[in-house]
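Undergrad: Protein chains in written order, with my numbering: chain S, 1 to 229; chain B, 1 to 229; chain Y, 1 to 229; chain L, 1 to 229; chain C, 1 to 229; chain X, 1 to 229.
The set of hints was computed from the structure by calculation and includes no laboratory data.
Predicted model only: the values in this text are computed from it and were never measured.
The C-beta atom is built at its ideal place from N, Cα and C for all residues, glycine as well.
Errors might be hidden in some of the hints.
[Claimed, not checked] To be clear about the criterion: a stretch of chain B counts as covered by chain Y if any three or more of its residues have a C-beta under 8 Å from a C-beta of chain Y, and this derived list gives those stretches:
(1) 7-13
(2) 111-124
[Stated by the list, open to error] Heads up, simulated BS3-like pairs for lysine-lysine below, C-alpha to C-alpha not over 25 Å straight-line:
(3) K43/X <-> K43/S
(4) K43/B <-> K124/L
(5) K203/Y <-> K107/B
(6) K203/S <-> K192/S
(7) K192/X <-> K124/L
(8) K203/C <-> K192/C
(9) K145/X <-> K145/L
(10) K203/S <-> K43/Y
(11) K145/C <-> K107/C
(12) K124/C <-> K145/C
(13) K43/B <-> K124/S
(14) K200/C <-> K124/X
(15) K107/X <-> K124/X
(16) K107/S <-> K124/S
(17) K145/X <-> K145/Y
(18) K107/L <-> K124/L
(19) K124/B <-> K145/Y
(20) K107/Y <-> K124/Y
(21) K192/B <-> K203/B
(22) K203/Y <-> K43/S
(23) K124/S <-> K145/S
(24) K124/X <-> K192/C
(25) K192/X <-> K203/X
(26) K124/S <-> K200/B
(27) K43/B <-> K145/S
(28) K124/B <-> K43/Y
(29) K203/B <-> K124/S
(30) K200/S <-> K124/Y
(31) K124/X <-> K124/C
(32) K192/Y <-> K124/B
(33) K145/L <-> K192/X
(34) K124/C <-> K107/C
There are 6 protein chains.
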Amino acid sequence: MTMYEMGVVYRNIPRTEPAVVDRLAAFGTSTVHESMGRVGLMKPMMRPIYGGAQIAGTAVTVLMQPGDNWMLHVAAEQVRPGDVVVAAVTAECTDGFFGELLATSFKARGARALVIDAGCRDVKALAAMQFPVWSRAISARGTVKATLGSVNIPVVCAGALVHPGDVIVADDDGVVCVPRGNAAAALEAAAKREANENDKRAKLASGVLGLDMYRMREPLAAAGLRYVD
Amino acid sequence: MTMYEMGVVYRNIPRTEPAVVDRLAAFGTSTVHESMGRVGLMKPMMRPIYGGAQIAGTAVTVLMQPGDNWMLHVAAEQVRPGDVVVAAVTAECTDGFFGELLATSFKARGARALVIDAGCRDVKALAAMQFPVWSRAISARGTVKATLGSVNIPVVCAGALVHPGDVIVADDDGVVCVPRGNAAAALEAAAKREANENDKRAKLASGVLGLDMYRMREPLAAAGLRYVD
Amino acid sequence: MTMYEMGVVYRNIPRTEPAVVDRLAAFGTSTVHESMGRVGLMKPMMRPIYGGAQIAGTAVTVLMQPGDNWMLHVAAEQVRPGDVVVAAVTAECTDGFFGELLATSFKARGARALVIDAGCRDVKALAAMQFPVWSRAISARGTVKATLGSVNIPVVCAGALVHPGDVIVADDDGVVCVPRGNAAAALEAAAKREANENDKRAKLASGVLGLDMYRMREPLAAAGLRYVD
Amino acid sequence: MTMYEMGVVYRNIPRTEPAVVDRLAAFGTSTVHESMGRVGLMKPMMRPIYGGAQIAGTAVTVLMQPGDNWMLHVAAEQVRPGDVVVAAVTAECTDGFFGELLATSFKARGARALVIDAGCRDVKALAAMQFPVWSRAISARGTVKATLGSVNIPVVCAGALVHPGDVIVADDDGVVCVPRGNAAAALEAAAKREANENDKRAKLASGVLGLDMYRMREPLAAAGLRYVD
Amino acid sequence: MTMYEMGVVYRNIPRTEPAVVDRLAAFGTSTVHESMGRVGLMKPMMRPIYGGAQIAGTAVTVLMQPGDNWMLHVAAEQVRPGDVVVAAVTAECTDGFFGELLATSFKARGARALVIDAGCRDVKALAAMQFPVWSRAISARGTVKATLGSVNIPVVCAGALVHPGDVIVADDDGVVCVPRGNAAAALEAAAKREANENDKRAKLASGVLGLDMYRMREPLAAAGLRYVD
Amino acid sequence: MTMYEMGVVYRNIPRTEPAVVDRLAAFGTSTVHESMGRVGLMKPMMRPIYGGAQIAGTAVTVLMQPGDNWMLHVAAEQVRPGDVVVAAVTAECTDGFFGELLATSFKARGARALVIDAGCRDVKALAAMQFPVWSRAISARGTVKATLGSVNIPVVCAGALVHPGDVIVADDDGVVCVPRGNAAAALEAAAKREANENDKRAKLASGVLGLDMYRMREPLAAAGLRYVD
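All chains, full assembly: derive it from the sequences and hints.
TA: Okay, structure coming up:
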């Protein structure tokens, strides 16, 4: 299973354990990204086609040529309940690779979402059926089915490297990839972080300043901050 | 009536038959674009100012200079019920050429929407009055009324050539222009396509794979697709 | 108090009178921008993280280094009820400088909004708590707290110069800065403009053309506009 | 010969008279664009792959699908000495559609240049052989030869409408299309403009101010310009 | 003299001392920007129209409306030998505001360069006459002369605030503005920095590592850097 | 050696055999990219800071935080003659991470070039010393030395995955990464392709059409191409 291998479908991929995936979903992108040490985030141009969705799933990866979505049909067969399809393209492209019919098929197979470094269409219908998509563009322009790509090889999607079976977490803040080997640790770190935040939120809401709560006054003074009245 | 003719208003333009226009509206941008053979789509930067609107209308075209919306007032008089105003600018510009007052006037004249390769403003008010606009930008920056342009000449809007009287179809997926001479054929093709899709949707929802429904397994194998377990 | 002075916090800044600020809020960005003579608008890439908010407030300014939000915590202490924090960064950056915890603190201090020439995160939570933000990006990528910037110095934010105490007006059309010294005059001009518009709206809704209402036919003819039947 | 007609090659196209074309070349893009009344300019993202070339020629137009340069080979046969190939693509694409081999063929056929709303490659070799190209991108990424487009239909290239046989003028300032029917008039206007400019240049070089030479002081004062010492 | 004041020309502006300006030119943009503490740099989209020029001069500022270069003619009269004209526009615009004729006039008045947050044209002629321009675009599209702006008011140009009389330093690395009050200090800091660099350059050329020369090994180890063989 | 591991330097990396690397350099980016099956190309925004350089080398990879070039100094020690440093940043950034001093050091260590998904400065000096750099931006804005990154871990640079020891080929057409394991095969394919091209070039130069040389007339007719006189 190597980067850039075209015309191949890997069928049996190791997937991150479902329990870990589902608990990561609850934390959301920003918290998980922090917990991982601020790596694995896709570029901020990746936006949800409708607001409010927050999901996590195991990656089924697809690599396609620009303007050709044939491999999304091939990928559908590899989807298992709890997966998120992650689609990369070999060159920049905003065409609408994905619409209502493919979404119907993906949903029937148990897919939770699509993350695609290209365009999406039928967004009104997708919102109505509540199948979330994160994409770099929305475009009515369809694609052909003529050229092979691959399924379940490592791909670079919107600047992030994704291996099949990695965890994809996505919400209104964007999309982050948690490598399978790091998922348990990321979960633990996220849980700690979150616990910590409830406390902080209450204090800040009561008017306590971050300057005091985080004990920043001394380091700020040490760094030379001056106050002028 | 030629491209680039400035300072002229064509009053009597042939318009696509209303019945054809209205039936195209129901199919939406993506289906219509497919039915036309994937041509006539405006660039995906053209976005609706609010979600959910889906319209079609006959084009009243306007060509303006950057930062000058005088001709939109001239265009208002040429609007008939069922029209969509298509506004192009001679250079890239994001100024807010259009707002609530013009929308009130356009609506009173029977316009269904504005498609503008520039900016729009008063978007909250426009949403409240349900006058849909597709634009490349939202900007509070207004414009002057100082320079002539033209009304009802052919224009290039967001990369698509639009003649007065052509059909404009617009929804959440973008904006497509159907030349008047192609409208009946596009409608027929769209109807066929749609009929076809209902069937497919049901099959895919039941778990049938596109691979089988579209008989893709053989051509994929012929193209050399390999499966690895 | 000079541009570019780093490591300093000005505590006592003159603020525009609250009554003026609140009345400007009601007019919204487009009207206020017109009333000022079309200056002071931030670039249209500045977008609200959720639709419908319309605010005005007195600017507390912050200048930060890319990827470092330390000074937002320092700024929180300087916030008084009715303020809007205006955050500029010394180089282009889309990181998520601001999220739910800081919003909780800002809100507790009385801040009405944040305007930031960088990224924002936790947008779902911010919408839930109704703390409006105008930003150039949404990104889960967090920031460090390591380098000094300044609070309440003049800053260039999204192309507009903002002095502490200026009025910031923001809504779905964008963000405009009204210099403190111009605020009363801008308010007066906006009020005149608005009064004028109610009349116009009614006439246009009744089908009167702008061509007639604004007496444009003569100047258009003088400029050489031709009508062709 | 209609916009968007795919799979057709028009062989006998009317071309602008060579003498007119060659004289337009000498004036360059900026002067010709002014002479036409500031229309017909391609977007400024269209840049020469090397500096200093200044050409004009008659357009042989090509419409292609993204990532597919098959029709450039078809177009080569239609090229006559003095032509410029103008290549449009049905969607945004930066792939390298054109390189040294095609340039060798185009040059052998008498083509003067390529203008392409996509990418170009082998730019070092193209500079060495002095075959000028104006493109929106440079990219090593090649294309396939699989899908039909058309040759010598009207196309929209980088925002400008080009009919086969129109004049294309290109230099370091960009690319302008002069419709065949306007070419003689544009030439005459350019000649007048240029004659006029030699005089002006000498005066300005001697220190005369444009304010005086163009008699601007009065209209500036009338517009309200104030001088403050 | 306030930001945004339209329709006014300030004639007598204080200028930074010529000796300081000329010495800053020799250091170039990167060194001067460092010496100022990394502030005052225009956005990197500002590029020279030809390579190799390195200049400094005192700013004569101009604020214009998009597509209107009238005020550049007004500015010409205010230019004194050693000045650099800094032109800002009230909205984003790529039109070619400046070409050979204006350059002839500017040069005759003693201007050293133009820095413009818009487009430039006649770039081949400008290179031939060696009049350097830094701009955000190159475009053949000309402008009108219809609307007032101002000369010698503070302007925001490509993200940097420039006051008349400030020092502008520009070369292949970009454009930086040194406020008049900081110029002498910036010069001193630049001189120290440069002296220091000659030494370093020789050491690094001989193969000494920055790790050793800058004594970085200890802080890197302290920060936790691990080496793996 | 894993993606995203921060704070670690891998010292002993396997490098592609020098003979293979040097022969790939001679073919250039476009030919090598084709030979690899059109994968591994960095995005076309990666441009050389001066024209004409054509190099290949073995990758020493660096991952940095935005605005922080500390790890380039660490990387210098790991450079061996024939290497190319490939620098990625964890978020989009255009700062000038690299200038003359670092280039002096890199050159002294035997580096052939830098490829950086960020900005570069001192470009005039770098051209004078003939140290080629491919970057996404040119910017005078310098960086700090405060945060750890890593050296010789896999990185995503301008959309391409690069492992330490891979071959980097770069010229005026862009930058391509050849995985170490594919280098020998890519070389062989490139050689075959090139041999083939000399023949073709001569034929095309003599006026033979690609239509005939590539035997395209039959497949074009089969695809339905029509000629109209």
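Undergrad: Run every hint past the structure and note whether it holds.
TA: Here's how the hints hold up against the structure:
no.	hint	in the structure
1	7-13	holds (count 6)
2	111-124	holds (count 5)
3	K43/X <-> K43/S	holds, 14 Å
4	K43/B <-> K124/L	violated, 32 Å
5	K203/Y <-> K107/B	holds, 12 Å
6	K203/S <-> K192/S	holds, 18 Å
7	K192/X <-> K124/L	holds, 21 Å
8	K203/C <-> K192/C	holds, 18 Å
9	K145/X <-> K145/L	violated, 49 Å
10	K203/S <-> K43/Y	violated, 36 Å
11	K145/C <-> K107/C	holds, 21 Å
12	K124/C <-> K145/C	holds, 24 Å
13	K43/B <-> K124/S	holds, 19 Å
14	K200/C <-> K124/X	holds, 19 Å
15	K107/X <-> K124/X	holds, 16 Å
16	K107/S <-> K124/S	holds, 16 Å
17	K145/X <-> K145/Y	holds, 15 Å
18	K107/L <-> K124/L	holds, 16 Å
19	K124/B <-> K145/Y	violated, 37 Å
20	K107/Y <-> K124/Y	holds, 16 Å
21	K192/B <-> K203/B	holds, 18 Å
22	K203/Y <-> K43/S	violated, 48 Å
23	K124/S <-> K145/S	holds, 24 Å
24	K124/X <-> K192/C	holds, 21 Å
25	K192/X <-> K203/X	holds, 18 Å
26	K124/S <-> K200/B	holds, 19 Å
27	K43/B <-> K145/S	holds, 22 Å
28	K124/B <-> K43/Y	holds, 19 Å
29	K203/B <-> K124/S	holds, 21 Å
30	K200/S <-> K124/Y	holds, 19 Å
31	K124/X <-> K124/C	holds, 20 Å
32	K192/Y <-> K124/B	holds, 21 Å
33	K145/L <-> K192/X	holds, 20 Å
34	K124/C <-> K107/C	holds, 16 Å
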